[in-house]
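**Q** Chains as they are written, first to last, in my numbering: chain A, -12 to 242; chain B, -12 to 242; chain C, -12 to 242; chain D, -12 to 242; chain E, -12 to 242; chain F, -12 to 242.
Check before you lean on any hint, since a few could be wrong.
No copy is singled out in the list; a pair is fine if it fits within one copy or between any two copies.
Claimed, not checked - Straight-line Cα separation of at most 25 Å, SDA-like style, residue types lysine to any residue; simulated pairs: (1) K3 / G241; (2) K132 / D(-1); (3) K132 / A197; (4) K132 / M156; (5) K132 / R196; (6) K3 / D138; (7) K175 / G6; (8) K175 / E41; (9) K175 / R1; (10) K3 / N135; (11) K132 / D172; (12) K132 / I204; (13) K175 / A232; (14) K132 / A107; (15) K175 / L(-8); (16) K175 / S212; (17) K3 / V106; (18) K175 / F234.
Note that these hints are calculated values from the structure, not bench results.
There are 6 protein chains.
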Amino acid sequence: MLIHLSSWPEIDARLKDGGPLSRTVVVPIGSNEQHGPTGLLGTDWLCPEIIAHEAEAGEGSLIVAPTFNIGMAQHHLAFAGTISFRPSTFMAAITDWVSSLSRHGFDRIYFLNGHGGNVATIEATFAEIYAEWSFVEERSPFVLKLRNWWDLPGVNSLCNQIFPTGHGMHATPSEIAVTQAAYPDRIKTADYSPRIAPVGPIRDALDYRARFPDGRIGSDPAQASPEKGRRIIEAAVPALIRDVADFAGEVLPGV
Amino acid sequence: MLIHLSSWPEIDARLKDGGPLSRTVVVPIGSNEQHGPTGLLGTDWLCPEIIAHEAEAGEGSLIVAPTFNIGMAQHHLAFAGTISFRPSTFMAAITDWVSSLSRHGFDRIYFLNGHGGNVATIEATFAEIYAEWSFVEERSPFVLKLRNWWDLPGVNSLCNQIFPTGHGMHATPSEIAVTQAAYPDRIKTADYSPRIAPVGPIRDALDYRARFPDGRIGSDPAQASPEKGRRIIEAAVPALIRDVADFAGEVLPGV
Amino acid sequence: MLIHLSSWPEIDARLKDGGPLSRTVVVPIGSNEQHGPTGLLGTDWLCPEIIAHEAEAGEGSLIVAPTFNIGMAQHHLAFAGTISFRPSTFMAAITDWVSSLSRHGFDRIYFLNGHGGNVATIEATFAEIYAEWSFVEERSPFVLKLRNWWDLPGVNSLCNQIFPTGHGMHATPSEIAVTQAAYPDRIKTADYSPRIAPVGPIRDALDYRARFPDGRIGSDPAQASPEKGRRIIEAAVPALIRDVADFAGEVLPGV
Amino acid sequence: MLIHLSSWPEIDARLKDGGPLSRTVVVPIGSNEQHGPTGLLGTDWLCPEIIAHEAEAGEGSLIVAPTFNIGMAQHHLAFAGTISFRPSTFMAAITDWVSSLSRHGFDRIYFLNGHGGNVATIEATFAEIYAEWSFVEERSPFVLKLRNWWDLPGVNSLCNQIFPTGHGMHATPSEIAVTQAAYPDRIKTADYSPRIAPVGPIRDALDYRARFPDGRIGSDPAQASPEKGRRIIEAAVPALIRDVADFAGEVLPGV
Amino acid sequence: MLIHLSSWPEIDARLKDGGPLSRTVVVPIGSNEQHGPTGLLGTDWLCPEIIAHEAEAGEGSLIVAPTFNIGMAQHHLAFAGTISFRPSTFMAAITDWVSSLSRHGFDRIYFLNGHGGNVATIEATFAEIYAEWSFVEERSPFVLKLRNWWDLPGVNSLCNQIFPTGHGMHATPSEIAVTQAAYPDRIKTADYSPRIAPVGPIRDALDYRARFPDGRIGSDPAQASPEKGRRIIEAAVPALIRDVADFAGEVLPGV
Amino acid sequence: MLIHLSSWPEIDARLKDGGPLSRTVVVPIGSNEQHGPTGLLGTDWLCPEIIAHEAEAGEGSLIVAPTFNIGMAQHHLAFAGTISFRPSTFMAAITDWVSSLSRHGFDRIYFLNGHGGNVATIEATFAEIYAEWSFVEERSPFVLKLRNWWDLPGVNSLCNQIFPTGHGMHATPSEIAVTQAAYPDRIKTADYSPRIAPVGPIRDALDYRARFPDGRIGSDPAQASPEKGRRIIEAAVPALIRDVADFAGEVLPGV
């Protein structure tokens, strides 16, 4: 079920149906940020949305929340179109999502993430949320999980097999390909120079732009194609379904 | 242009092209909250997205940001599927959007809002943002505008003409109809009892549920149809285009 | 009773007397901000104080808190003497007032407001406060109400009748007149130019000053007189008493 | 000048007149909290207001802000009528007052305090405000001063002379007497038992109430009289005028 | 016991042993800030650490937490090596220490402080912490105490006897001597000019540096010696042991 | 130089001496948290302190700040003696350290970390700090680096060679051994059961205690010895010196 295209009685009934996945919700989460000369600004939230929606459509038993489309992208702010939360804002926002979803009875909340730059802040947020319970010596009534879509079992190895060189870390051919498969009329081209972008540390936005003039890090997105994107999606979708099922079925000690 | 389906060089070029709308951005903003027995949980963010995307597609000169899909819906939290920010979180999130967009050179930021419950907090946020400049005796380098889609010139009167009774304040036939026009395969039905929902004050979530057991306030959404939704959209789209153009063209005193 | 001129045993006894208004408290709330060439900087907190104190004196059954004399006036900061809270500060302050008063057993808290610019932030604060309860699925043990003094039944229509033109939105002859009635030795005069001030949007402080050079918006305060102020007060006082009684007597559903 | 009974052009002119006190503002600050069986809940904000207003009236050269009437009184919350800010809220509120007043050109801000429980938080706030400048290696453009009214030169010794025993620390005969002088129709009486209240540490509200059942600490307020209050006021007023003049005239090193 | 050199089962056993001091913990707290031409930057956290560790070693029954080594030192920031928290950060940090320690069952938390500039913020923090309980009408399950090491019974008088002139307020010969006794290989010398430093108010960092060019306030640290430091330590250690025992044994009213 | 055992003129002189490391500071950072039945509660802050102080002593050119001894350890709060910051508090505290150190002219700040649970929050903090600059389109005047001591070149491989099995993730024999080398009189023993602790996800404190009853994760600390700790320290110290030198010498693009 896509929450945003459902009515509240539909969600309510599903929460109460007792099925294995009925109290587990998947939140596609990403970022709206530059992805090099050709990548869509929405790449990082579109990818998890594409995979989660396809998983929901095919099988029907996943409950998928609206897409959390802004993340921690301060280092990309020197490129037009990037929208970023400060980590502290991001933490507050995730916390309120969790408070809302858990209040309805979702006790397993699975964030399918599309942006590496989100990971530290999401993990810090989980700790902030859990700390509320830890300080008062109570057990959290819900469990949180973060999974990057490329870390779904089998996906990373497939991406590396399709793109043995020039995969890189930002504006990768994998993510570009996934969006090409889903938005074929939005494919853009450019002469990349150099073909494979440089690598280096990530700091503030102007430092980033000085190091990575066109926005890419270590990648050669020219290798992307809709067909390759389709292959990645088709690997990711069943992997997501299994991963969520495992999470939903995980037995908690002492509960 | 839809920012999320554009590349950064495309947005960058547009920002610099000198056109009348080139430094104005439209942000569809809403809420993910219950909309009665049949309304989609995403209604309040889908409506401004539908209108803004159609305005962008038809004319092409609007720059439209990703949809800000969570708002202030604490009073709806007793109905499954609602996701709400606390006002303070909502304020921080809007502030970071504005900081991001204005940093790129957007100096007119237009929020097309789909949720009445957002209005107070958005206005408070505008004041919080402006206050930063007011305290240091500088002029804000950008101008913010909030417009509810139903307050676009001509829209409210059309809605009242189509639905002379039972329009109400929440889960209105207008907004339901707009989503029906855009998502005809997601139309849901129910036996509404009473046909027109009660009215009353809005306080906390349990008080809300006690007053408005199925979630509606004052409305009879059974009157909605995709055709009526299409009429509303067709009135709203040109009104939005004109309203944004007026905003973009507004001369600021003393600048 | 005026809380600040009472002892704690007096308030304690009153809270426990079981009378219809015994657990309802009126908080005059306003702002300290410029009111044009002649208006008192305290106008917006003096007006609700004047009305609430007169209501308390005449009838004796109202419990009136000290006046909350600073509000959200960032847009007036380019005029000397204005003191403003940021919205976030204002929210924290109101929240602590509510926490304090409700802790004593006041379960109906009525804010009599004197500043239009406060409305959005006060409403956002109410939502912030209620959200604490909504997220944990409990009912708020108190009810909050915001009433602008000019929206007390009958007051606005009287003001419009007395001042059919040039009432405006800021430094209105109504509010000036109310303070003239209460502080006749503080009446000031000026040559207003233009007689009726311009209107326009409200943004940051320097934009405000550029649009509204002497501080007024749409008003002609030269029409004010102590006598007119007295008429307004005499309409507002009984309207306040009735409005508070209605609020105190309101039956909550499901409680 | 009382800011709240002045117009903005009057304050503006005064700020620019170049007089020795023209850029110095006095802020009466206190608390609304229980003051034993007979003390007014407003005692702590009324006392500095009474003294500051009398100083302003007599001499005319002081600029006096509205009274900051809520402070840090968490320990008094078990007594009805007390309204308290959390220290963090109090800090934010004071900060915004300072930001507002300094923005207009007041570069010496003098807080005349009426509540011992405010002292730590006000001093912490001063440090918080100064820290903004200290971290960026700039000099603060304003100077802040805290003065308890009883610490005005000569006042404490007078109070001790008038009340050689049973002065105590809370609900002191001095402060009660000052309010009796100003509000003779609000004098209340009680049988104090014991005559002189106990002393002890101050912690949370219930601990406070267990230690100090009627709210007093170490005091015998039965000794208060309007005449004694008048003597105290008459000592405090000229001391305040001199103290403010000294502050206004203080030469800052290296400026 | 030094917590940081113990294992958790050791602390756990001690907490449960029922001894008079078993649920009381001593937290040495100070600041890392300039101490004049010769004082160690760590002076203010080293002094309470030295005294607390010696008390722990000699008697063994004290439970001593790690040293809280950064405090409120914004006014010293114009001198290299100073590290300061803003008061708001300091408050959050202390709060989390208290939440952590009290969660384990420590119900008496004793802060042995080495920096006068910390006092206001620590007291404000105690009020912030207690306020959480006061607002909800519950009794705090722990008691907090602040003691400056020089205010331990007998210490101040000893310091004044050893240093009848030039003791001053910052970079005092007492505190320098204590660190000399503990770190004799880190003794530094300088030609102090003037011998006794000036005094004055404390504001922002640049104002501080303008008033107190070498960092000292009112002191002549040339008088310090390791032997004098040893005498002070030997007075402070038993005084601390007694003071903590008194605190641990204090009977709370109504509990 | 150890900052806390230096005077401000010493640090000042060093900052200005122009040497390659003169504007680089090393901050040992860790956590005070349970480390299984035998590990010291201070392990995670003692390890980086031991290594950094030994590096400073041997070579003399490192500038080492006081140890930041509390980190993000919410998951360990069910074990006595653990002290944890919430992530948000930790972020504020690190930010103030950076603001203080950078203000003095340290433009390279190197955090030598001893706690894996700190990593996400420290990285989120770096992003929060950089974001301040990124939003205003300025370059951060300092560079931040996080290095876990076990990730110093060569250290991890040495640890794995010494402890080919039972190294685990928490209360590892490596960290226990390092503290044993430095505090041989504080070595504790226990019968570990099982010998190698279980592994699993980290969530709230009670979940943690249910999964990891004695606190260890995946480790067999019985293998630790002071000699092995010495070997690790002797590998880490030169690796730290080189790593800091590389960081100090790193050329920034476009500066």
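**Q** Confirm or reject each hint.
**A** Evaluation of the provided hints:
Taking the closest pair of Cα atoms, K3 and G241 come within 25 Å of each other both inside a single copy (23 Å) and across two copies (24 Å). With identical chains, the CA atoms of K132 and D(-1) are at most 25 Å apart within one copy only, with a shortest distance of 23 Å there and 32 Å across copies. For a Cα distance limit of 25 Å, the shortest separation of K132 from A197 across copies, 18 Å, qualifies, whereas the shortest one inside one copy, 35 Å, does not. With identical chains, the CA atoms of K132 and M156 are at most 25 Å apart both within one copy (22 Å) and between copies (19 Å).
In this assembly of identical chains, K132 and R196 lie within 25 Å of each other by CA distance solely across copies; the values are 19 Å between and 32 Å within a copy. Taking CA atoms no more than 25 Å apart as the test, K3 paired with D138 passes in neither setting, with 31 Å inside one copy and 39 Å between copies. In this assembly of identical chains, K175 and G6 lie within 25 Å of each other by CA distance solely across copies; the values are 23 Å between and 43 Å within a copy. In this assembly of identical chains, K175 and E41 lie within 25 Å of each other by CA distance both inside one copy and across copies; the values are 24 Å within and 22 Å between.
Only between protomers do K175 and R1 lie at most 25 Å apart by alpha-carbon distance; the minimum there is 16 Å, versus 41 Å within a single protomer. Taking the shortest Cα distances, K3 and N135 never come within 25 Å of each other, neither inside one copy (29 Å) nor across copies (35 Å). In the homo-oligomer, the alpha carbons of K132 and D172 never lie at most 25 Å apart, since the shortest distance is 34 Å inside one protomer and 32 Å across protomers. Within a single copy, K132 and I204 get their C-alpha atoms only as close as 27 Å, which misses the 25 Å cut-off; across copies the closest is 19 Å, which meets it.
When the C-alpha separation of K175 and A232 is checked against a cutoff of 25 Å, the pair qualifies neither within a copy, at 36 Å, nor between copies, at 29 Å. In this homomeric assembly, K132 and A107 come within 25 Å of each other (Cα to Cα) both inside a single copy, at 13 Å, and across copies, at 15 Å. When the C-alpha separation of K175 and L(-8) is checked against a cutoff of 25 Å, the pair qualifies only between copies, where the shortest distance is 10 Å, while the shortest distance within a copy is 30 Å. Proximity of K175 to S212 under the C-alpha cut-off of 25 Å is restricted to the intra-copy arrangement: shortest distance 11 Å within a copy versus 38 Å between copies.
Neither within a single protomer nor between protomers do K3 and V106 lie at most 25 Å apart by alpha-carbon distance, with minima of 32 Å and 34 Å respectively. In this assembly of identical chains, K175 and F234 lie within 25 Å of each other by CA distance neither inside one copy nor across copies; the values are 37 Å within and 31 Å between.
Going down the numbered hints, you'll see the structure goes against 6, 10, 11, 13, 17, 18, while the others check out.
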